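Colleague: Sequences listed follow chains A and B, in order. Quick note: the first sequence, position 307, residue 359 per this note's numbering, numbers continuous. Quick note: the second sequence, position 46, residue 69 per this note's numbering, numbers continuous.
Hints in this document: simulated from the structure, not taken from any laboratory. One or more hints might be untrue.
Said to hold, decoys possible - Okay, derived cross-link-like pairs now, SDA-like style, lysine to any residue, Cα gap no bigger than 25 Å in a straight line: (1) B:K198 to A:E276; (2) A:K292 to B:Y204; (3) A:K261 to B:G189; (4) B:K223 to B:Q150; (5) B:K87 to B:V138; (6) A:K216 to B:P137; (7) A:K216 to B:G167; (8) A:K261 to B:E56; (9) B:K53 to A:Y215; (10) A:K292 to B:P137; (11) A:K216 to B:E71; (12) A:K292 to B:F195; (13) A:K292 to B:Q150; (14) A:K216 to B:A196; (15) A:K91 to B:E107; (16) A:K292 to B:G189; (17) B:K61 to A:K91; (18) B:K168 to A:P284; (19) B:K198 to A:K261; (20) A:K91 to B:M24; (21) A:K222 to B:L74; (22) A:K222 to B:G189; (23) A:K151 to B:D77; (24) A:K91 to B:D175; (25) A:K321 to B:G84; (26) A:K261 to B:Y67; (27) B:K198 to A:T342; (28) A:K321 to A:R260; (29) A:K321 to B:Y67; (30) A:K261 to B:K171; (31) B:K61 to A:K151; (32) A:K91 to B:G167; (33) A:K91 to B:Y204; (34) A:K151 to B:D63; (35) B:K61 to A:I374; (36) A:K216 to B:E27; (37) A:K216 to B:A32; (38) B:K198 to A:I374.
The structure displayed is predicted, hence computed values, not measured ones.
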Amino acid sequence: MSEASPKERIGRFLTGQPIDRIPCVPLILNHAARVLGVKVSEYAANGPTMGAAHVAAYRRYGQDLITIFTDTSIIAEAMGTKLYFPPDDVSRFSEPAVKDPPDADRLPAVDARASGRFGVFLEAIRHCVKEVGDEVFVSCCVPAPFSTAAALRGTSVFARDLYKNRPLAKALLQKATEVTCAFCEAVAEAGGIPVPVDPVASGSVISRKAFEEFALPGLVAVHETIRSLGMPVVLHICGKTSSIVDLMASSGAAVLSLDLISLAEAKEKVGSKVCIMGNVAPTEVMLNGTPESIRAAAAACLRDCAQNPGGFILASGCEIPIETPPANIMALLDSVKEYKLS
Amino acid sequence: MDEEGAVAAAEEALAEGIDAYEAITQGLSKGMEVVSRKYDTGEYFVPEILLCADAMYAAMGVLKPRLKSTGPRDASQVIIGVIEGDIHDIGKNIVKLMLEAAGFEVHDLGNDVPVASFVDKARQVGQGVIAISTLMSTTMPGMGKLVKALEDQGLRKSFRVVIGGGPISQSFAAKIGADAYGANAMDAVRILTAWEEARK
Numbered sequence: 053m054s055e056a057s058p059k060e061r062i063g064r065f066l067t068g069q070p071i072d073r074i075p076c077v078p079l080i081l082n083h084a085a086r087v088l089g090v091k092v093s094e095y096a097a098n099g100p101t102m103g104a105a106h107v108a109a110y111r112r113y114g115q116d117l118i119t120i121f122t123d124t125s126i127i128a129e130a131m132g133t134k135l136y137f138p139p140d141d142v143s144r145f146s147e148p149a150v151k152d153p154p155d156a157d158r159l160p161a162v163d164a165r166a167s168g169r170f171g172v173f174l175e176a177i178r179h180c181v182k183e184v185g186d187e188v189f190v191s192c193c194v195p196a197p198f199s200t201a202a203a204l205r206g207t208s209v210f211a212r213d214l215y216k217n218r219p220l221a222k223a224l225l226q227k228a229t230e231v232t233c234a235f236c237e238a239v240a241e242a243g244g245i246p247v248p249v250d251p252v253a254s255g256s257v258i259s260r261k262a263f264e265e266f267a268l269p270g271l272v273a274v275h276e277t278i279r280s281l282g283m284p285v286v287l288h289i290c291g292k293t294s295s296i297v298d299l300m301a302s303s304g305a306a307v308l309s310l311d312l313i314s315l316a317e318a319k320e321k322v323g324s325k326v327c328i329m330g331n332v333a334p335t336e337v338m339l340n341g342t343p344e345s346i347r348a349a350a351a352a353c354l355r356d357c358a359q360n361p362g363g364f365i366l367a368s369g370c371e372i373p374i375e376t377p378p379a380n381i382m383a384l385l386d387s388v389k390e391y392k393l394s
Numbered sequence: 024m025d026e027e028g029a030v031a032a033a034e035e036a037l038a039e040g041i042d043a044y045e046a047i048t049q050g051l052s053k054g055m056e057v058v059s060r061k062y063d064t065g066e067y068f069v070p071e072i073l074l075c076a077d078a079m080y081a082a083m084g085v086l087k088p089r090l091k092s093t094g095p096r097d098a099s100q101v102i103i104g105v106i107e108g109d110i111h112d113i114g115k116n117i118v119k120l121m122l123e124a125a126g127f128e129v130h131d132l133g134n135d136v137p138v139a140s141f142v143d144k145a146r147q148v149g150q151g152v153i154a155i156s157t158l159m160s161t162t163m164p165g166m167g168k169l170v171k172a173l174e175d176q177g178l179r180k181s182f183r184v185v186i187g188g189g190p191i192s193q194s195f196a197a198k199i200g201a202d203a204y205g206a207n208a209m210d211a212v213r214i215l216t217a218w219e220e221a222r223k
């Protein structure tokens with residue numbers, strides 16, 4: 053079989069047709085700014101720059117999916133949370149939209165195409181689709197409601213709300229869900245695939261019980277919206293997921309992007325239901341490793357999961373750190389080319 | 024996890040004539056050991072620990088003013104902070120809490136702490152332990168810079184350095200010349216307690 057384009061490969065993969073090789077998606081997010089040679093803050097603030105950065109990254113690496121992202125607070129930002137943008141590092145939380153509970157009733161009306169930096173992301177998607185959309189699918193990471201609610205309050209305040217002010221927590225989750233679904237529609241309209249990301253709902257942070265009660269309903273609603281748009285759901289939750297991976301698999305997701313979990317365990321638990329994507333360690337291996345150690349880590353992932361009944365995508369467990377050496381990213385991509393599908 | 028309950032229990036203990044120091048070491052510390060265990064076994068997570076921390080600090084507020092001055096305690100002083108460029112401080116706060124519950128005197132420099140602030144505090148404290156945290160890979164080099172700065176300022180021999188946080192590993196700790204890597208708060212307490220015992 054001749055080398056397929058990433059778009060053909062992923063398209064065939066998702067529709068259950070034979071593919072020429074295992075797909076590979078290093079999570080190239082803010083690192084795209086490095087490829088274009090712009091400051092991370094310029095990348096985060098400007099749609100055409102963000103789009104150009106991802107096009108440049110795709111042209112350099114040829115990965116199987118473009119993944120547009122700056123941080124996990126973009127929905128909360130559109131709802132009033134303030135972020136801080138260091139000149140050349142990833143944006144971070146600065147001031148919550150809901151300092152006091154009554155603020156929850158005064159949140160601004162959100163325009164899914166214009167509030168916060170929504171317009172920047174939509175423009176970046178359109179730019180990528182125009183430039184390389186015939187070769188590769190363009191996705192945009194969309195923070196899921198639980199992580200958004202945490203960013204509306206500040207994570208440690210929200211964590212306390214789960215016990216001390218449940219009505220407020222639920223009200224924020226409901227509002228976040230509505231905005232997230234509307235933004236997913238806007239992403240799809242621009243030609244992108246919305247990819248829900250829910251780092252705060254990770255098993256490193258909350259219990260299975262809390263996940264089930266607070267995080268899962270929002271994910272299910274967002275996933276339904278994405279599926280109604282005719283798109284597959286790729287759900288990314290970084291950190292530990294051993295305690296919740298079965299719930300993730302029954303949330304309507306087609307692909308689970310996983311981080312701190314053994315792929316053999318994930319395959320055994322949910323491999324017949326979903327495609328698994330993962331999980332070379334971002335810092336320990338991708339950033340600080342060498343092409344040799346990355347090949348070894350990739351080989352271990354492939355050994356454990358390449359034969360997953362629901363399919364497998366080789367990926368980093370979470371975002372590739374900004375300063376990851378390009379040779380390391382190429383080593384990950386090369387390892388799927390060298391791997392023979394039996 | 025019950026703040027009011029913890030305050031009531033602390034007041035009751037004092038009313039019954041229990042020594043405040045006893046109430047802290049035999050009550051609060053023991054309670055936090057249970058919290059540690061539940062965290063280790065996956066029963067408690069971040070929200071549960073934060074609520075326990077609130078309860079512990081509330082009870083501490085009742086007990087502390089009643090502590091008889093028993094002379095300076097012998098435990099090491101710990102300087103803790105999140106390195107410059109990172110504001111994620113939940114993990115650092117949990118480590119601080121567990122160290123305090125274990126009897127260490129902790130100086131918390133907060134988050135986004137420049138190397139120079141750690142060094143200034145180290146000079147002021149004189150000797151002990153420096154605990155540095157980060158959740159972000161981009162800020163990890165700051166930890167190496169701090170170790171280097173301690174060396175340059177002649178302070179390295181007076182302080183042990185323990186580091187931790189999401190992207191940190193044993194090999195990174197070795198690479199930058201830190202004394203230890205703490206995988207989590209309980210691990211940090213074990214490491215510092217072992218140092219403490221070796222010191223005596």
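Colleague: Hint by hint, say whether it matches the structure.
Modeller: The hints, checked one at a time:
no., hint, verdict
1, B:K198 to A:E276, "violated, 47 Å"
2, A:K292 to B:Y204, "holds, 19 Å"
3, A:K261 to B:G189, "holds, 23 Å"
4, B:K223 to B:Q150, "holds, 15 Å"
5, B:K87 to B:V138, "violated, 32 Å"
6, A:K216 to B:P137, "violated, 35 Å"
7, A:K216 to B:G167, "violated, 40 Å"
8, A:K261 to B:E56, "holds, 23 Å"
9, B:K53 to A:Y215, "holds, 23 Å"
10, A:K292 to B:P137, "violated, 30 Å"
11, A:K216 to B:E71, "holds, 11 Å"
12, A:K292 to B:F195, "holds, 21 Å"
13, A:K292 to B:Q150, "violated, 36 Å"
14, A:K216 to B:A196, "violated, 38 Å"
15, A:K91 to B:E107, "holds, 19 Å"
16, A:K292 to B:G189, "holds, 11 Å"
17, B:K61 to A:K91, "violated, 44 Å"
18, B:K168 to A:P284, "violated, 45 Å"
19, B:K198 to A:K261, "violated, 39 Å"
20, A:K91 to B:M24, "violated, 44 Å"
21, A:K222 to B:L74, "holds, 19 Å"
22, A:K222 to B:G189, "violated, 28 Å"
23, A:K151 to B:D77, "holds, 19 Å"
24, A:K91 to B:D175, "violated, 32 Å"
25, A:K321 to B:G84, "violated, 47 Å"
26, A:K261 to B:Y67, "holds, 11 Å"
27, B:K198 to A:T342, "holds, 15 Å"
28, A:K321 to A:R260, "holds, 15 Å"
29, A:K321 to B:Y67, "holds, 23 Å"
30, A:K261 to B:K171, "violated, 44 Å"
31, B:K61 to A:K151, "violated, 30 Å"
32, A:K91 to B:G167, "holds, 24 Å"
33, A:K91 to B:Y204, "violated, 32 Å"
34, A:K151 to B:D63, "violated, 32 Å"
35, B:K61 to A:I374, "violated, 36 Å"
36, A:K216 to B:E27, "holds, 13 Å"
37, A:K216 to B:A32, "holds, 20 Å"
38, B:K198 to A:I374, "holds, 20 Å"
In the structure shown, a violation is registered for the earlier hints numbered 1, 5, 6, 7, 10, 13, 14, 17, 18, 19, 20, 22, 24, 25, 30, 31, 33, 34, 35, in ascending order.
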